[in-house]
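Novice: Listed below, chain by chain, are the residues.
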Amino acid sequence: MSLLQVDGLTIRYGDNEVVRDLSFAIEAGESVGVVGESGSGKSQMALAVLGLLPGNAVTNGSVLLNGTEVLNASEKTLNGLRARHMALVFQDPMQALNPFVRIGAQLRVILTTHNLASGREADARVLDMLQRVGLPDPERQFRAYPHQLSGGMRQRAMIASALIAAPELLIADEPTTALDVTVQAQILELLEEIRRDTTLLLITHDLGIIAGHCERMLVLEQGRLVESGTTIDIFASPQHEHTAALIDAAPRLDRGDVLSAVAGNEVLQLCNVSVSYDERNGDSLQAVRNLSLSVSAGETVAVVGESGSGKTSLVRAALGLVPLQSGRVLFCGEELGGLVQSRPIAMRRDLQLVFQDPAGSLNPQMRVASIVDEPLLVHERGLSSEERQKQVAAMLDRVGLDASYRARFPHELSGGQAQRVAIARALILKPKVLVCDEAVAALDGSVRKEILALLGDAQKDGGLAIVFITHDLAVVRAISHRVLVMYMGRLVELADCASLYSRAQHPYTKALLDAVPTPDPAAAGGTVSLSGEVPSILSPPSGCAFHPRCRFAKDICRAELPLPRIVNGSIVACHRAEEISL
Amino acid sequence: MLRYTVLRVLGAIPTLLLVIVLAFLMVHAAPGGPFDDERVLPPEIEANIAKKYHLDEPLHRQFLRYLGGVVQGDLGPSYSYRDHTVSELIGGALPLSLHLGALAMLLSLIVGVTAGTAAALRKNTVLDRTVMALAMTGISIPVFVVAPVLVLVLAVYLQWLPAGWSGNAGGARYLLPVVSLALPQIAYIARLTRASMIDVLASDFIRTARAQGLGTIAIVRYHALKPAMLPVLSYMGPAVAAILTGSVVVEEIFGIPGLGQLFVRGALNRDYTLVLGIVIFYATLIILLNLLVDILYAVIDPRVRQR
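Heads up: the protein sequence lines correspond to chains A and B, in order.
Just so you know, we're using this note's numbering here: the first sequence kicks off at 1 and counts up by one.
Just so you know, we're using this note's numbering here: the second sequence kicks off at 1001 and counts up by one.
Any given hint might turn out to be false.
Reference excerpt, derived from the structure (chain A facing chain B, CB under 10 Å, subset only) [said to hold, decoys possible]: (1) K76; (2) R82; (3) R84; (4) L97; (5) N98; (6) F100; (7) V101; (8) R102; (9) Q106; (10) I110; (11) P146; (12) Q148; (13) I164.
Quick list of the computed label-pair ranges, beta carbon to beta carbon [claimed, not checked]: (14) A:D357 with B:R1122: 34 to 42 Å; (15) B:L1288 with A:L538: 31 to 39 Å; (16) A:E139 with B:A1133: 49 to 57 Å.
It is worth saying that the hints were derived from the structure and are not from the lab.
Computed from a prediction, not measured in an experiment: that's the story for all the values here.
Cβ atoms here follow ideal geometry from the backbone N, Cα and C, with glycine treated the same way.
Pulled out of the complex, with its shape left as it was, chain A reads as follows (with noise of 0.2 Å):
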């Protein structure tokens, strides 16, 4: 008898079939990946194994876990098998913790209320299980809020509380996509050494995920089971043209050519930039130190780092939109002056902006074509109706976006769709310097190959430069001339995109390089080289920042700050780039 054995499963919300005719088994101890775009009903699929479909959800065929159904099952039936014998990991720790409630009592009540340990030997259990997991200093998490912990310490207690009660199933939805790539490193390292004792179901939109942590895997299109086999197979030689699709729109840090760098007069310098916040209390965060950096016309330049390395407040003191602490913005030569709101109309125009939430940046009251033309409304008053309604049409064709979209709002269009008019809007003004601030995250991988293409191809048309933020460097590789990495707030690395991925100089860039899975069983099987989180930015450590995390560090890089220099060709600021190697 199979663990869990899926037989026609179909879940329906109205006329909406989310998950049709779905049909697999998982016996025990094995690793099986479940891979898919968003819409295609892997996540569904999770909530109906554990009986916690909305009410609104209709089903039909049947779901075996050790031979009991769970369809349909009563919640007393289906208490009796969560936690003990099946369990669920989910994407966001932050939303699936309780903020309210002490980490070490949301795993007790698990224990409690299962009559599996009470009193003292629950409190045991609980902080074993928190060491399990790797949580330093578990009597402390115990104790602690969710808010307390980093993200990675987070998820880490999200999964202790799935494994608690110690289930045969876990089944784990996206549960690094919330994380920073060190961490999301260090997490699947954990899943690795759980997987060991546990049958696990890794849900995820990463195929590099899966090859490196799945024995076998099922590939989901639009709900319906395409692909199913070892993983080895499926990505030597895919059947089925959507898991083709999928592998081949993961991007990979090991394969396709990089761009030369492009030399030319440069349209945006940054020198000696510096951020600061002042905080509530009177303490300030240091987002930004002393950074510089020239971008010419052309060229698409990364900026690199993780969640707090300040690489969006860069850019935004850049665009004027948070004021500069120290140092200066030219733009083609021409100092701008410090907030937007001071700047003339005419110098705003050549510096454009894309956001990560596509939904989130457009007007929910406008229509797409209004959208597009509003900028026209600004900055080219002289312009008559039609021939700005012709520009908005050209814009949109350009974009991918025929005529149909005009008329539509902004919640009738799926991401993709709504990223393109967010790319329109910003192009129409022909910009000479356009933002992108994590504007492929959200995205899929096929559609964030689209919009990568389209910014390319909005590239060579003129001499637009791109500032590309993002904390992917699989997704930089494709695009990108040159690459800054950042690490709290101060340049890491500046190099060459082909320099920086042949030979990374900086360990921290190195580290980030090791962390991307690769979309290849042959290849996976990365080291966690980094381990640790970021510090916190209102208490940077001394010297070096990275070295309490840098396996090279020594008493110099806990004393003095490295200045960025060139090695090799490329900038770093690295007291030990000469003599390492990586």
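Position chain B relative to chain A; hints supplied.
Specialist: Coordinates of chain B only, in the frame set by chain A:
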């Protein structure tokens, strides 16, 4: 946290000062004085009395004199209950009113939160609709209607409970006044609890708790109750104010010698200092309770504490 508390207490001072100024002016703007009577006093005696209570001085001098007393905790002499200071009168009537108010508050919280939670858990069922309909009725009917109707039915027709504040009725005499005071608050709290409980039950961490196999009671007790109580806690300040206002009416109807009754008597007798004293006392009480609510907020929600 301490800094925050001190700042909040200091911030309350201007509010209190404003209340004193407004109350003082309004009392003095009312026509007639405390010693006007059908029996006209000889002018010399009237002047004597006015002199004794400093009523012959210009208004601003009277105010400053009064304020000086208030700062030292002296609310002045009562004009109608001679030989008593206002502070003494308030001190005498307070325990009974406090008793009634606290009981009403407790009853509102227990019944309101229970009913609201039950309605939220059985959303859109007969139970939910019944609770909400009753709550709507409770909010709509003012206390000066509820109290006499309760007396009429339970005390006069059915004769289960005493109608007034008779000494030999023991604890039973508390029942009708407390219920009259609590009913509108029960209704408000039930509605608030239902709404916030429904919100909380839809959050991701409740889904996690369900995934962990916790039953409904465990989920409410360990996960949902605390966050769902935040809006109810915010309402505690206004609720206390509403109960204070209600007690003015209820104490009069049931003949309870509490602060509310004293207030009404004071107003009828144009006892400036007594009315002023009680207004200032009420204002201070409400400000302090609101402050307490804010501090409790931080106790319940750990995320507020950090800021």
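Novice: Next step is simple, just say for each hint if it's right about the structure.
Specialist: These are the hints, each one checked on the structure:
Checking K76 (chain A) against chain B by beta carbon gives a least distance of about 8 Å; that is within 10 Å, so the hint holds. At about 3 Å, the closest approach between the beta carbon of R82 (chain A) and any beta carbon in chain B falls short of 10 Å, and the interface hint on this residue holds. The closest approach between the C-beta of R84 (chain A) and any C-beta of chain B is roughly 7 Å, which is under the 10 Å cut-off, so the hint is satisfied. For L97 (chain A), the suggested interface contact is upheld, since its CB lies about 6 Å from the closest CB of chain B, less than 10 Å.
A distance limit of 10 Å between C-beta atoms decides the matter here; for N98 (chain A) the minimum to chain B is near 4 Å, and the interface restraint holds. Annotation: F100 (chain A) was flagged as interfacial toward chain B, and the flag holds, the nearest CB pair being 5 Å apart, inside 10 Å. Interface hint status for V101 (chain A): upheld, as the beta-carbon distance to the closest one in chain B is roughly 7 Å, under 10 Å. The interface hint given for R102 (chain A) is met, as the beta carbon of that residue sits about 8 Å from the closest beta carbon of chain B, less than 10 Å.
Here the hint on Q106 (chain A) is kept, as its CB sits about 8 Å from the closest CB of chain B, short of 10 Å. The interface hint given for I110 (chain A) holds, since its Cβ lies 5 Å from the closest Cβ of chain B, which is under the 10 Å cut-off. The beta carbon of P146 (chain A) comes within 9 Å of a beta carbon in chain B, closer than 10 Å, and the hint placing it at the interface holds. Checking Q148 (chain A) against chain B: minimum C-beta separation of about 8 Å stays under 10 Å; hint holds.
The interface hint given for I164 (chain A) holds, since its Cβ lies 9 Å from the closest Cβ of chain B, which is under the 10 Å cut-off. The beta-carbon spacing between D357 (chain A) and R1122 (chain B), approximately 37 Å, falls within the hinted interval of 34 to 42 Å. At roughly 35 Å, the beta carbons of L1288 (chain B) and L538 (chain A) sit within the given window of 31 to 39 Å. For the hinted restraint 49 to 57 Å between E139 (chain A) and A1133 (chain B), the CB-CB distance of approximately 51 Å keeps it satisfied.
Every hint from the earlier list agrees with this structure, and none is contradicted.
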